[in-house]
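*Asks:* Sequence:
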Amino acid sequence: MSLPAQESANARRFIWSNGLQGVGDQLLSGKTVLPWLFSAAGVPGFFTGLLVPLRESGSMLPQAALTPWVTSHPARKRLWILGSVGQGVCAAVIAAAAVLVSGPLLGVIVCVALAVLALLRALCSLTGKDVQGRTISKGSRGLVTGRATQLGGAVT
1 MSLPAQESAN ARRFIWSNGL QGVGDQLLSG KTVLPWLFSA AGVPGFFTGL
51 LVPLRESGSM LPQAALTPWV TSHPARKRLW ILGSVGQGVC AAVIAAAAVL
101 VSGPLLGVIV CVALAVLALL RALCSLTGKD VQGRTISKGS RGLVTGRATQ
151 LGGAVT
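Going left to right, the sequence shown walks through residues 1 to 156 as the UniProt record's numbering numbers them.
These are calculated hints, taken from the structure and not from any lab test.
Take the hints with a grain of salt, since some may be wrong.
Unchecked claim - Label-pair distances were calculated between CB atoms; the ranges are:
#, residue 1, residue 2, range
1, PRO4, ALA75, 18 to 24 Å
2, PRO53, LEU100, 22 to 28 Å
3, GLN150, PRO44, 34 to 40 Å
4, LEU143, PHE46, 42 to 48 Å
Glycine included, C-beta positions come from ideal geometry on N, C-alpha and C.
Working from the sequences, and respecting the hints, build out all of it.
*Replies:* So, in structure tokens, the structure goes:
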């Protein structure tokens, strides 16, 4: 990637952020990993049924409500960073709960953290493209996105 220095640094940030987001998606999959965890930890089946709707709908439906709030912020980079860091915190909460808690309490903690993670994912979805459009030249965006996908796929 032969980009100007600042753009190259921005590209690396996007690759790492979006790549790690992909890793998190795989490690916290509501279709495979979390149901297995719930089964092993004795979480009631009711909570397992909430995982996919919380994760999938929770990241799509709030976008309509968040859009006016996001567009009212001229500097969306901070919102993107907030969403990215927040997703990492939610993933850490889920990991800690998996180690420290079992049964229904684990189900509650994971479902709440997953709902917050999904909301932050919606925020990143709205802000990420805008920030990328302002910081990465048009001809390089596809390469940056592709490398982020490679990183996420290679780790998982």
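*Asks:* Hint by hint, say whether it matches the structure.
*Replies:* Hints, verified against the model:
Checked against the hint of 18 to 24 Å, the C-beta distance between PRO4 and ALA75 comes to roughly 21 Å, which is consistent with it. Distance hint for PRO53 and LEU100: a CB-CB separation of about 26 Å, consistent with the stated range 22 to 28 Å. In this structure the supplied range 34 to 40 Å holds for GLN150 paired with PRO44, their Cβ-Cβ distance being about 38 Å. Roughly 44 Å separates the CB atoms of LEU143 and PHE46, a value that falls within the hinted 42 to 48 Å.
Comparing the model with each earlier hint shows no violations; every hint is respected.
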